[in-house]
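Colleague: Residues per chain are reported as follows:
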Amino acid sequence: MVVTTSWYLALGAVLFSIGAVGLLTRRNPLVMFMCVELMLNAVNLTFVSLGAELGDLGGQLSVFFVLVVAAAEVVVGLGIIVAIMRRRQGATADDLSVLGG
Amino acid sequence: MEAFVFFASAAIVLTGAVGVLTSRNPVHAALFLVQTLFGVAVLFVLQDATFLAAVQVIVYAGAVVILFLFVIMLLGVDRAENLGVEPIVGQRPLAAVIGASLMGMLLTLLLVATDGPTGAPGRTAPLGDAGDNTRRLGEALFTGHVFAVELTALLLTVAVVGAVVLARTVKGPMQPLPVVVVATSTEPADADAGPDTAADEESEEAGGA
Numbered sequence: 001m002v003v004t005t006s007w008y009l010a011l012g013a014v015l016f017s018i019g020a021v022g023l024l025t026r027r028n029p030l031v032m033f034m035c036v037e038l039m040l041n042a043v044n045l046t047f048v049s050l051g052a053e054l055g056d057l058g059g060q061l062s063v064f065f066v067l068v069v070a071a072a073e074v075v076v077g078l079g080i081i082v083a084i085m086r087r088r089q090g091a092t093a094d095d096l097s098v099l100g101g
Numbered sequence: 102m103e104a105f106v107f108f109a110s111a112a113i114v115l116t117g118a119v120g121v122l123t124s125r126n127p128v129h130a131a132l133f134l135v136q137t138l139f140g141v142a143v144l145f146v147l148q149d150a151t152f153l154a155a156v157q158v159i160v161y162a163g164a165v166v167i168l169f170l171f172v173i174m175l176l177g178v179d180r181a182e183n184l185g186v187e188p189i190v191g192q193r194p195l196a197a198v199i200g201a202s203l204m205g206m207l208l209t210l211l212l213v214a215t216d217g218p219t220g221a222p223g224r225t226a227p228l229g230d231a232g233d234n235t236r237r238l239g240e241a242l243f244t245g246h247v248f249a250v251e252l253t254a255l256l257l258t259v260a261v262v263g264a265v266v267l268a269r270t271v272k273g274p275m276q277p278l279p280v281v282v283v284a285t286s287t288e289p290a291d292a293d294a295g296p297d298t299a300a301d302e303e304s305e306e307a308g309g310a
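Just so you know, the sequences run in chain order A and B. Counting with my numbering, you get residues 1 to 101 for the letters of the first sequence. Counting with my numbering, you get residues 102 to 310 for the letters of the second sequence.
Everything labelled a hint here was simulated from the structure, so no lab data went into it. Quick reminder that beta carbons are idealized off the backbone N, C-alpha and C, glycines included. A hint or two may mislead.
[As the list claims (entries may be wrong)] Here chain B is said to cover these stretches of chain A; the calculated rule only asks that three of the stretch's residues, wherever they fall, bring their Cβ under 8 Å from a Cβ of chain B: (1) 1 to 15; (2) 56 to 68.
[As the list claims (entries may be wrong)] Selected chain B positions facing chain A (Cβ under 10 Å, derived; list incomplete): (3) Ile189; (4) Leu228; (5) Ala254; (6) Leu257.
[Claimed, not checked] If you want the footprint, here are the derived chain B segments under chain A, 3+ residues with CB under 8 Å: (7) 103 to 110; (8) 150 to 157; (9) 200 to 209.
Chain A extracted, bound-state conformation (with noise of 0.2 Å):
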C-alpha cells in the first residue's frame, strides 16, 4: 500500500491532540514542557510532509526555524522552572497561581 501524505498529517493530528491532553491534565511543569515538545514536532511534522506534498522547500525552512524557537523556549523555561523550584520545593503547576489573582 502506498503511504500518502494524508497518513502523516493524520499521525501529526494524533500526536497534537496526546500533546495538548498531556498538557492539560500534568501538574509537573517539567512534564508538561514535554508535551509541548510533542505538540511543536507534531507540527513540524505536519510541516515537512506538505512541504514535500507540494514540491516547496518552505515547510523544512519553517520547520529549521521552528527548531531554533523551541531550544530557546526550553532554555528560558528551565530558568524560569529552576528559580521557582529553588524557592520552593516540589512546586506544581497548581501552586504557582500567586499571579492568578
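Based on the hints, put chain B in the right spot on chain A.
Modeller: Just chain B now, kept in the frame of chain A:
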C-alpha cells in the same frame, strides 16, 4: 517498504507520546520523549528531509532532552508522582473531551478531503532529492531568509543571557514567594475617611484591647 517503515515509526512515535503522558516518573517521561523524537526523525528521513532529521537528533534528543534530564536531576524531582491526585474537579474528563474533539476535528478534516491535501506546488524554492537537501536548505536560508537567520541568532543570544540571569544564585537570604492574603468581606467600609477618624479607631481598638 515505505509503508512498513512508516507504520513502525508511527507506532514508536505514538507509544512514546502515550508514555510521556502516563509515566509517573519525570525521568521516564524524558526517555519516552527521546523515543518519540527519534521516531519523528525517521519520518523526516522517509520524506527526504535528511538535514532536519540530523538536526532533530542532535538538537532535540542531544541537547533539549539532556537539558530536561539535567534540570530533573538538579532539582531532585526524579521521584514518582502520584497521578491519582486530581486537584481541580473535572479537569481530566474535560481535558479528555478537549483532546478527543481536537483529534476528531483534525481527522475528520483529513477524511473529508478525499483528494488529500491540495495547494499550489511551490516554485520559489524547489525541493531537491535527499542528497541535495542540505545544500538547498543552506542556499535558501542564507540568501532569501538571511534576515530571519540573523533574528534567530539574536533570539538565541537573548535566551542564553536570560537563562543565566534567571538561574543565577542571589546573594543574601532568599526571599520566599509572597503569600496571597485573600480579601475578606470584613474590610473597613470607611476606608476613604479622613486620617483623624482612622487614628481614633486605632486608639479605640488599642484601648479596648
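Colleague: Hints first: check each against the structure and report whether it holds.
Modeller: Each hint tested on the structure:
no., hint, in the structure
1, 1 to 15, "holds (count 14)"
2, 56 to 68, "holds (count 10)"
3, Ile189, "holds (8 Å)"
4, Leu228, "holds (5 Å)"
5, Ala254, "holds (9 Å)"
6, Leu257, "holds (6 Å)"
7, 103 to 110, "holds (count 3)"
8, 150 to 157, "holds (count 5)"
9, 200 to 209, "holds (count 6)"
The earlier numbered hints are all upheld by this structure, with none contradicted.
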